[in-house]
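6 protein chains.
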Amino acid sequence: PSTLSEVSKVPGVVTGLAWTSVGGDILFIESILSKGKGTLTMTGNLGNVMKESATIALEYIKAHYEELGISAEDLENKNIHVHVPEGATPKDGPSAGIAMLTSMVSSYKNKSVKPHLAMTGEITLRGKVLPVGGIKEKLLAATRAGIKEVILCEANRKDVEEINKDYLKHLKVNYVSKMSEVVDLAIV
Amino acid sequence: PSTLSEVSKVPGVVTGLAWTSVGGDILFIESILSKGKGTLTMTGNLGNVMKESATIALEYIKAHYEELGISAEDLENKNIHVHVPEGATPKDGPSAGIAMLTSMVSSYKNKSVKPHLAMTGEITLRGKVLPVGGIKEKLLAATRAGIKEVILCEANRKDVEEINKDYLKHLKVNYVSKMSEVVDLAIV
Amino acid sequence: PSTLSEVSKVPGVVTGLAWTSVGGDILFIESILSKGKGTLTMTGNLGNVMKESATIALEYIKAHYEELGISAEDLENKNIHVHVPEGATPKDGPSAGIAMLTSMVSSYKNKSVKPHLAMTGEITLRGKVLPVGGIKEKLLAATRAGIKEVILCEANRKDVEEINKDYLKHLKVNYVSKMSEVVDLAIV
Amino acid sequence: PSTLSEVSKVPGVVTGLAWTSVGGDILFIESILSKGKGTLTMTGNLGNVMKESATIALEYIKAHYEELGISAEDLENKNIHVHVPEGATPKDGPSAGIAMLTSMVSSYKNKSVKPHLAMTGEITLRGKVLPVGGIKEKLLAATRAGIKEVILCEANRKDVEEINKDYLKHLKVNYVSKMSEVVDLAIV
Amino acid sequence: PSTLSEVSKVPGVVTGLAWTSVGGDILFIESILSKGKGTLTMTGNLGNVMKESATIALEYIKAHYEELGISAEDLENKNIHVHVPEGATPKDGPSAGIAMLTSMVSSYKNKSVKPHLAMTGEITLRGKVLPVGGIKEKLLAATRAGIKEVILCEANRKDVEEINKDYLKHLKVNYVSKMSEVVDLAIV
Amino acid sequence: PSTLSEVSKVPGVVTGLAWTSVGGDILFIESILSKGKGTLTMTGNLGNVMKESATIALEYIKAHYEELGISAEDLENKNIHVHVPEGATPKDGPSAGIAMLTSMVSSYKNKSVKPHLAMTGEITLRGKVLPVGGIKEKLLAATRAGIKEVILCEANRKDVEEINKDYLKHLKVNYVSKMSEVVDLAIV
Ligand SMILES: [Ca+2]
Ligand SMILES: [Ca+2]
Ligand SMILES: [Ca+2]
Ligand SMILES: [Ca+2]
Ligand SMILES: [Ca+2]
Ligand SMILES: [Ca+2]
Ligand SMILES: [Ca+2]
Ligand SMILES: [Ca+2]
Ligand SMILES: [Ca+2]
Ligand SMILES: [Ca+2]
Ligand SMILES: [Ca+2]
Ligand SMILES: [Ca+2]
Numbered sequence: 003p004s005t006l007s008e009v010s011k012v013p014g015v016v017t018g019l020a021w022t023s024v025g026g027d028i029l030f031i032e033s034i035l036s037k038g039k040g041t042l043t044m045t046g047n048l049g050n051v052m053k054e055s056a057t058i059a060l061e062y063i064k065a066h067y068e069e070l071g072i073s074a075e076d077l078e079n080k081n082i083h084v085h086v087p088e089g090a091t092p093k094d095g096p097s098a099g100i101a102m103l104t105s106m107v108s109s110y111k112n113k114s115v116k117p118h119l120a121m122t123g124e125i126t127l128r129g130k131v132l133p134v135g136g137i138k139e140k141l142l143a144a145t146r147a148g149i150k151e152v153i154l155c156e157a158n159r160k161d162v163e164e165i166n167k168d169y170l171k172h173l174k175v176n177y178v179s180k181m182s183e184v185v186d187l188a189i190v
Numbered sequence: 003p004s005t006l007s008e009v010s011k012v013p014g015v016v017t018g019l020a021w022t023s024v025g026g027d028i029l030f031i032e033s034i035l036s037k038g039k040g041t042l043t044m045t046g047n048l049g050n051v052m053k054e055s056a057t058i059a060l061e062y063i064k065a066h067y068e069e070l071g072i073s074a075e076d077l078e079n080k081n082i083h084v085h086v087p088e089g090a091t092p093k094d095g096p097s098a099g100i101a102m103l104t105s106m107v108s109s110y111k112n113k114s115v116k117p118h119l120a121m122t123g124e125i126t127l128r129g130k131v132l133p134v135g136g137i138k139e140k141l142l143a144a145t146r147a148g149i150k151e152v153i154l155c156e157a158n159r160k161d162v163e164e165i166n167k168d169y170l171k172h173l174k175v176n177y178v179s180k181m182s183e184v185v186d187l188a189i190v
Numbered sequence: 003p004s005t006l007s008e009v010s011k012v013p014g015v016v017t018g019l020a021w022t023s024v025g026g027d028i029l030f031i032e033s034i035l036s037k038g039k040g041t042l043t044m045t046g047n048l049g050n051v052m053k054e055s056a057t058i059a060l061e062y063i064k065a066h067y068e069e070l071g072i073s074a075e076d077l078e079n080k081n082i083h084v085h086v087p088e089g090a091t092p093k094d095g096p097s098a099g100i101a102m103l104t105s106m107v108s109s110y111k112n113k114s115v116k117p118h119l120a121m122t123g124e125i126t127l128r129g130k131v132l133p134v135g136g137i138k139e140k141l142l143a144a145t146r147a148g149i150k151e152v153i154l155c156e157a158n159r160k161d162v163e164e165i166n167k168d169y170l171k172h173l174k175v176n177y178v179s180k181m182s183e184v185v186d187l188a189i190v
Numbered sequence: 003p004s005t006l007s008e009v010s011k012v013p014g015v016v017t018g019l020a021w022t023s024v025g026g027d028i029l030f031i032e033s034i035l036s037k038g039k040g041t042l043t044m045t046g047n048l049g050n051v052m053k054e055s056a057t058i059a060l061e062y063i064k065a066h067y068e069e070l071g072i073s074a075e076d077l078e079n080k081n082i083h084v085h086v087p088e089g090a091t092p093k094d095g096p097s098a099g100i101a102m103l104t105s106m107v108s109s110y111k112n113k114s115v116k117p118h119l120a121m122t123g124e125i126t127l128r129g130k131v132l133p134v135g136g137i138k139e140k141l142l143a144a145t146r147a148g149i150k151e152v153i154l155c156e157a158n159r160k161d162v163e164e165i166n167k168d169y170l171k172h173l174k175v176n177y178v179s180k181m182s183e184v185v186d187l188a189i190v
Numbered sequence: 003p004s005t006l007s008e009v010s011k012v013p014g015v016v017t018g019l020a021w022t023s024v025g026g027d028i029l030f031i032e033s034i035l036s037k038g039k040g041t042l043t044m045t046g047n048l049g050n051v052m053k054e055s056a057t058i059a060l061e062y063i064k065a066h067y068e069e070l071g072i073s074a075e076d077l078e079n080k081n082i083h084v085h086v087p088e089g090a091t092p093k094d095g096p097s098a099g100i101a102m103l104t105s106m107v108s109s110y111k112n113k114s115v116k117p118h119l120a121m122t123g124e125i126t127l128r129g130k131v132l133p134v135g136g137i138k139e140k141l142l143a144a145t146r147a148g149i150k151e152v153i154l155c156e157a158n159r160k161d162v163e164e165i166n167k168d169y170l171k172h173l174k175v176n177y178v179s180k181m182s183e184v185v186d187l188a189i190v
Numbered sequence: 003p004s005t006l007s008e009v010s011k012v013p014g015v016v017t018g019l020a021w022t023s024v025g026g027d028i029l030f031i032e033s034i035l036s037k038g039k040g041t042l043t044m045t046g047n048l049g050n051v052m053k054e055s056a057t058i059a060l061e062y063i064k065a066h067y068e069e070l071g072i073s074a075e076d077l078e079n080k081n082i083h084v085h086v087p088e089g090a091t092p093k094d095g096p097s098a099g100i101a102m103l104t105s106m107v108s109s110y111k112n113k114s115v116k117p118h119l120a121m122t123g124e125i126t127l128r129g130k131v132l133p134v135g136g137i138k139e140k141l142l143a144a145t146r147a148g149i150k151e152v153i154l155c156e157a158n159r160k161d162v163e164e165i166n167k168d169y170l171k172h173l174k175v176n177y178v179s180k181m182s183e184v185v186d187l188a189i190v
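Residue numbers (the numbering used here), protein chains in the order written: chain W, 3 to 190; chain G, 3 to 190; chain E, 3 to 190; chain S, 3 to 190; chain V, 3 to 190; chain A, 3 to 190.
Derived from the structure by calculation, the hints contain no laboratory data.
Treat the hints with care, as some may be off.
[As the list claims (entries may be wrong)] Dumping the calculated DSBU-like pairs for lysine-lysine here, alpha-carbon to alpha-carbon at most 35 Å:
hint	chain 1	residue 1	chain 2	residue 2
1	W	Lys53	E	Lys111
2	S	Lys53	S	Lys138
3	W	Lys39	G	Lys64
4	A	Lys80	V	Lys111
5	A	Lys11	V	Lys93
6	S	Lys39	V	Lys53
7	G	Lys11	E	Lys11
[Stated by the list, open to error] Under 8 Å between C-beta atoms, here's a sample of chain W residues computed to sit facing chain A:
hint	residue
8	Ser55
9	Thr91
10	Lys93
11	Gly95
12	Pro96
13	Leu132
14	Lys167
This structure is a prediction, so every number in the text was calculated from the model and none was measured.
Note that CB positions come from ideal geometry on N, CA and C, so glycine has one too.
Bound conformation, chain W alone:
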């Protein structure tokens, strides 16, 4: 759909996958830089665990900015704001972690994310990607929304293999175990 294609041109915008009480859904993670002192602001009616994901992502970036090709000066002289739209809906949990990291890297590098791509996975400080729940519901929501390709944790492969293959025939699934793989797949 046009909504998703349009998205892909703006740096800082990443499609995540959410698992709610009424099924799977896609959500967007947006980030933006402004002149400042390196502070992080978060909005979107986020719970504490989801806010922690953004903190972890930024700390990881600060410790690995060179490999990521991010300017040390931008980290020091720009503020970063992360927002997850639809403010009326409370959001929580760690599964947006890799999408938040990707959104921030995209903003700092001023490069947009690959179109029609979505992702879900927890991040850890040492750069690992951890598995998350609700994989079946999330992938069905992704296909409904026109997503062509997803990034999941290697440890979620078993959850995908349990799903009827017909449902996923137009969806490419990438399995990763490290953050660096996520960034390589998403920002091209």
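Dock chains G, E, S, V and A with the ligands against the given chain W, drawing on the hints supplied.
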């Protein structure tokens, strides 16, 4: 009515549309600059989601001040205060987002907003306008209050089309999908 | 009574009108300056909405100090403290707004407020005065306390007209719609 | 008793009168200066209203340091800490206000307070002393503790006159209406 | 026991006496200095009243550092951290006050505390020691733990005299009324 | 298993042992440095007691950096972030203390921790290691996860001796009483 005409001369004042338990209502968003260090203060008995809308609006402005024709110096050396009158009434939700953005741009540019205009819509960090609820109740409240023109999200068009046309015959409805369109329509 | 006459000589002291569960009452708003960096402190067991009134009043002053004849240096180099006596009684609501504004202007200008005068009304950031509730109870309390003159919002005129005229024959009622009118009437 | 005589030699120590669910009691207000930047710290398991009394007292002192004979340099370059002993007992209410003010003035002037003196009364920012409750219970507790002289608000005179004179024959009662009178009576 | 002897060599470690729902117990107060700006940090699952004791102790030290033989430079250029081990157990109340003061003085002077000594008592800002509860249970716990000597408030003497003398025959009890006596007894 | 071998190459990663309502489990403590001013950030859905463990660990390091071979400059000019993965699970208690200390030392020294090693124990500010609960459940979880060697408090030796020796035959158990022993065993 004279109240609304008078409003239109003061920069920073924008008419929003609210949807409460007792029907639709208009509300005003006011903003004002003072000498300072770029801080944002919010008053008016606002809930957290509504405060987040003001934060998002300011971050968007800081990232796009050049296109908006706002001075970088004002962003750095002025504080901005956003108030939503009638302090006795708690207010929340994301639907005042585009009115908050418009109020702030109006204050920074020191240009008043078009008279007899009201607006409702959620804002996102990347500049999109999202649909909101209670469209029918909000538009009836707008006409009762003498509003001649409204700005809504394109995705709310279907909600307007369900309303009896007679009720809206003196109301011009503008549909937008990006913040820049809101600013272009409201500050002339 | 001597209490009220005495009050009138001290800058920063204004008589407000409150509406409580046991009827109307007068209350005092006090403010005081001290050497500092322009911070605002509030005491008197105040609820959040009443604290917001003080914040709005100070922001209005900072944006309009020239018209008000207030020194920019005092705004920057003095702290202002606002207190509402009788700390044992919790106080809230927006109706002390114009009294707070008047108290602060009186302190910054080091000019006392007109004696035997009381006021009640909500303030907005753009300088409007909004109507408040409990007008009948407040005016009866004012006359009992020896008040000779009150300031009310123009939109409260209808509430006064419903009161038996005999009760108010020794009370002059001023109706205003803008903050600047309040200041002109109160600080002479 | 020796406890009270000993107290009178240390600047910053003032005897207050409390009214609790089990009757009247005396309490001590202590304050102390240390090198710093003018900050105020409060301990003693104090409720918000009692903390506000300390804030009001310090603001009053900052605005009237010259009349009080306090050095502007000490206000800027010393921190002040106010403590009310017996940390296990929660304490609240405004009636320790004049004792807090007196304790602070005593510390800043490095002059001890008159021995065998106790006091109770609310303070306001403009220097007024307001009446408080529990006068009978407080005065009986004072005589039991060996207090010879008390300071009360003029408006509490009627409460004293209702007490059997025999109970108070060894107690001198001073009535005041302004803070400056309190300081003149207590610090000699 | 070896645990207690070992303790006595490390500056900043003091044995306190606690009174819990299951009887008396000993607890340790530890403090440590690090390069900094004079800030105080507290850990050990402490309630507000116990945290206040640490604040009072530090303020007392700042006001009396000369008599205590503590360097003004250390107070300004070192942070102090106070910890009460066994983080799983919530702790509160004022009775650790004199142990906290002694621990801090021991750290600032870099001198260890006398071995086999324990103490319990509330501190006040003017240097008084106040009595505390649970004396019998605390002293029995002290003897069980191999403590040879304790410091108590003079006003707790009556509580000791009610205890069967046989229980205390290997315990030396020191009674004090001022902080300076505590420090003189504990740091030799 | 490969997960654990892989872990051992990254400085700042330590395996801890947790005791939950559903039995024992391993958990990872991660820490990472970034350019900054010596601040400590903690994530991982941690309770207050667990956060206090990180604070104690950092204070201990700041007071003993020389013995630990850590650069004073890194302590001042680097921020440290401590994370405990699996953000969806709330975590609390003091038993991760020695793992947190080890993780931080590993990060500051940029040396990885010995592979196949896990640890559990409370830390105190003076460098002692205290015993913790759930030893049997924790050791069984460790062996299940492929751990070859653990570090426990000396005072937990009795808990190990109660476990059937067959269960532990492939597990080396080290008993310590001081933090310095933990660091010597873990970072080689
Ligand atoms: Ca949705
Ligand atoms: Ca989740
Ligand atoms: Ca309305
Ligand atoms: Ca809404
Ligand atoms: Ca009253
Ligand atoms: Ca009110
Ligand atoms: Ca008492
Ligand atoms: Ca009281
Ligand atoms: Ca114990
Ligand atoms: Ca206690
Ligand atoms: Ca696990
Ligand atoms: Ca634990």
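Here's how the hints hold up against the structure:
{"no.": "1", "hint": "W:Lys53 / E:Lys111", "verdict": "violated, 46 Å"}
{"no.": "2", "hint": "S:Lys53 / S:Lys138", "verdict": "holds, 25 Å"}
{"no.": "3", "hint": "W:Lys39 / G:Lys64", "verdict": "holds, 14 Å"}
{"no.": "4", "hint": "A:Lys80 / V:Lys111", "verdict": "holds, 30 Å"}
{"no.": "5", "hint": "A:Lys11 / V:Lys93", "verdict": "violated, 40 Å"}
{"no.": "6", "hint": "S:Lys39 / V:Lys53", "verdict": "holds, 22 Å"}
{"no.": "7", "hint": "G:Lys11 / E:Lys11", "verdict": "violated, 38 Å"}
{"no.": "8", "hint": "Ser55", "verdict": "holds, 7 Å"}
{"no.": "9", "hint": "Thr91", "verdict": "violated, 18 Å"}
{"no.": "10", "hint": "Lys93", "verdict": "violated, 13 Å"}
{"no.": "11", "hint": "Gly95", "verdict": "holds, 6 Å"}
{"no.": "12", "hint": "Pro96", "verdict": "holds, 4 Å"}
{"no.": "13", "hint": "Leu132", "verdict": "holds, 6 Å"}
{"no.": "14", "hint": "Lys167", "verdict": "violated, 28 Å"}
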